[in-house]
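A.B. asks: Next come the chains, spelled out residue by residue.
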Amino acid sequence: MRHLKHINLLGGSSASPKPHECKRTGHPSFPPELLLCKPSDLTSLLQFLLATPPLGTMAGFLSALRRIYLSLYNWTVFVGWFQVLYFAVKALREGGPTTVYDSVERPLQLAQTAAVMEILHGLVGLVRSPVSATLPQIGSRLFLTWGILWSYPETRTHVLVSSLVISWSITEIIRYSFFGMKEALGFAPSWLLWLRYSTFLILYPTGITSEVGLIYIALPYIKASEKYCIRMPNKWNFSFDYYYASILALAIYVPGIPHMYQYMLGQRKKALSKSKTA
Amino acid sequence: MKVTVVSRSGREVIKGGIELHDEATVSDLQEAIHARTKKYYPSRQRLTLPMQAGTQGKPIVLSPNKKLVDYCDGNVKNLTVVFKDLGVQVLYSTLFFWEYLGPLVIFPIFYYFSVYKYLGYEGDRVVYPVQTYAMYCWCLHYFKRIMETFFVHRFSHATSPLSNVFRNCAYYWTFGAYIAYYVNHPLYTPVSDLQMKIGFGFGLICQVSNFYCHILLRNLRSPAGNGGYQIPHGFLFNIVTCANYTTEIYQWLGFNIATQTIAGYVFLVVAALIMTNWALAKHRRLKKLFDGKEGRPRYPRRWVILPPFI
Numbered sequence: 001m002r003h004l005k006h007i008n009l010l011g012g013s014s015a016s017p018k019p020h021e022c023k024r025t026g027h028p029s030f031p032p033e034l035l036l037c038k039p040s041d042l043t044s045l046l047q048f049l050l051a052t053p054p055l056g057t058m059a060g061f062l063s064a065l066r067r068i069y070l071s072l073y074n075w076t077v078f079v080g081w082f083q084v085l086y087f088a089v090k091a092l093r094e095g096g097p098t099t100v101y102d103s104v105e106r107p108l109q110l111a112q113t114a115a116v117m118e119i120l121h122g123l124v125g126l127v128r129s130p131v132s133a134t135l136p137q138i139g140s141r142l143f144l145t146w147g148i149l150w151s152y153p154e155t156r157t158h159v160l161v162s163s164l165v166i167s168w169s170i171t172e173i174i175r176y177s178f179f180g181m182k183e184a185l186g187f188a189p190s191w192l193l194w195l196r197y198s199t200f201l202i203l204y205p206t207g208i209t210s211e212v213g214l215i216y217i218a219l220p221y222i223k224a225s226e227k228y229c230i231r232m233p234n235k236w237n238f239s240f241d242y243y244y245a246s247i248l249a250l251a252i253y254v255p256g257i258p259h260m261y262q263y264m265l266g267q268r269k270k271a272l273s274k275s276k277t278a
Numbered sequence: 001m002k003v004t005v006v007s008r009s010g011r012e013v014i015k016g017g018i019e020l021h022d023e024a025t026v027s028d029l030q031e032a033i034h035a036r037t038k039k040y041y042p043s044r045q046r047l048t049l050p051m052q053a054g055t056q057g058k059p060i061v062l063s064p065n066k067k068l069v070d071y072c073d074g075n076v077k078n079l080t081v082v083f084k085d086l087g088v089q090v091l092y093s094t095l096f097f098w099e100y101l102g103p104l105v106i107f108p109i110f111y112y113f114s115v116y117k118y119l120g121y122e123g124d125r126v127v128y129p130v131q132t133y134a135m136y137c138w139c140l141h142y143f144k145r146i147m148e149t150f151f152v153h154r155f156s157h158a159t160s161p162l163s164n165v166f167r168n169c170a171y172y173w174t175f176g177a178y179i180a181y182y183v184n185h186p187l188y189t190p191v192s193d194l195q196m197k198i199g200f201g202f203g204l205i206c207q208v209s210n211f212y213c214h215i216l217l218r219n220l221r222s223p224a225g226n227g228g229y230q231i232p233h234g235f236l237f238n239i240v241t242c243a244n245y246t247t248e249i250y251q252w253l254g255f256n257i258a259t260q261t262i263a264g265y266v267f268l269v270v271a272a273l274i275m276t277n278w279a280l281a282k283h284r285r286l287k288k289l290f291d292g293k294e295g296r297p298r299y300p301r302r303w304v305i306l307p308p309f310i
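Chain order of the listed sequences is E and Z. Residue numbering for the first sequence follows full-length UniProt numbering, beginning at 1 and increasing consecutively. Residue numbering for the second sequence follows full-length UniProt numbering, beginning at 1 and increasing consecutively.
Among the hints, erroneous ones may be present.
[What the hints assert, rightly or not] Listed below are several chain Z residues computed to face chain E (Cβ distance under 8 Å; list not exhaustive):
id	residue
1	Tyr-182
2	His-185
3	Tyr-188
4	Thr-189
5	Leu-253
6	Asn-256
7	Ile-257
8	Thr-261
The set of hints was computed from the structure by calculation and includes no laboratory data. Backbone N, C-alpha and C define an ideal beta-carbon position, used for all residues, glycine too.
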């Protein structure tokens, strides 16, 4: 199978060797060597199959399907975050910071939880982003959305909720429209690229301050409640204290923030210099 | 011959290069670099041949035992090597000693001292037999590891970066404390006597097997040829490449069956994942090295680490 060139499932085949034909009937058939292959040659088998005319077009079809799916996904979540921003600004103007959460709760929960799909996308190879980068980000977002704001209503009226949802929604609107355009149109305008890699300079500090602040504010309520706690004794000799876990989460922000910021600065340098030479 | 030593960015690390006699080894070169730079002792140096522009793949690392002429293609009077500083190095035995010392000391602290009073649990605690055996089993394990480090293991690389000390100690010491906390807890719930015996019995058998695997590995390794690699054989190595990891994982399984803590099982899963990663790399390396060509033996079909899964 070594003569087969690499076939990119995401982009169609790059070589089409003649399929083996049965000498008697002339029908396409497996070359005898294939039957002796180890299971590890399954990819070679797949490549062989995809090189045959009927399945080659299927590879192209799958690639188009991937694009349609990702376009739909990105634009749908974009709409969700757009709603969050719209309702947040509306509530700020009409009722003030204490009313923001109630206005944005549904679209916020939907849009943020949908992001879990992105971990799946990375795992199955639908997108190129490493799971290691998306996991901490999604983790902290879900922790705030469900673990703090939804679980402890006492935090919902704090002014930091406004700064939180505005920072998040602007970032996500830019991000999802950027990917949405790339998948649907094949490119994204340079001003959108610039926005995607520059707005974090402000929105990271504001967003993270809001996150850390809200966790800190929730701590007394967490300590007073038994929510999500598992106590000993039990059969599995396990315990979980949500209060200390939250403090641990706060501690992780300390090395986490400089790490993420440095990473984004590096990404910015790469992305913006690449567009200049493109 | 003249050796030019450059950094990966092309800058000359040793001004004017180094003059060595034609039969000099890489080791001689390393000594000479150390003599000129004071800071970069040999184990800190990583010397490679320059990569051809545009080619992919890993650069060829210079092996200390080989002669410099072996790396010259044609021109035996001049050689250019690329230098990388690996950072401060510690002996592997140093690294292992510190990472194993933590668990060895931490577990008995939770067992013997009234740590839990400071964590909010007043009053005396009842100590079950399983908790005592667990402490002995755990300490035996880490004591064995330290002894093996100094008397049994033969390391392929003599040193490891200093940063690994902090990373590895964090891993071992944190998990050690995490498990010790639950096994010695005042509100600990023991399993049935039978389950405890099965767990510790199986664990002990695996610990002894693991020790035997290490002895076998030690006897395999001689400096001659193939970068010190041999096809492992004997005992469980006949059916699984990394039998030492296999016995280690099953030994922890036995410990967990006997002590039954989520913390212990989490540690088991994480350790198994890490070892599986290493095992896959080793298996691949051995298969590549022993490809059956040019008179080399062919690596036999074997499980990698955990029959019947992988």
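A.B. asks: Take the hints in turn and mark each one as holding or not.
C.D. replies: Each hint, compared with the structure:
The beta carbon of Tyr-182/Z is positioned within 8 Å of a beta carbon in chain E (closest approach about 5 Å), and the interface hint is therefore held. Given hint, His-185/Z at the interface with chain E, holds; its Cβ is 6 Å from that chain's nearest Cβ, closer than 8 Å. For the restraint placing Tyr-188/Z at the interface with chain E, the shortest Cβ-Cβ distance is roughly 6 Å, inside the 8 Å limit, so the hint holds. With 8 Å as the threshold, the beta carbon of Thr-189/Z comes within range of chain E, its nearest partner Cβ sitting at about 5 Å, so the hint holds.
Checking Leu-253/Z against chain E: minimum C-beta separation of about 16 Å lies over 8 Å; hint violated. At a threshold of 8 Å, the smallest CB-CB gap from Asn-256/Z to chain E is about 10 Å, leaving the interface hint violated. Hint status for Ile-257/Z relative to chain E: violated, with the closest Cβ pair at about 13 Å, above 8 Å. Hint on Thr-261/Z holds. Least Cβ distance to chain E is approximately 4 Å, under the 8 Å limit.
Taken one by one, the earlier hints fail for this structure at numbers 5, 6 and 7, listed in ascending order.
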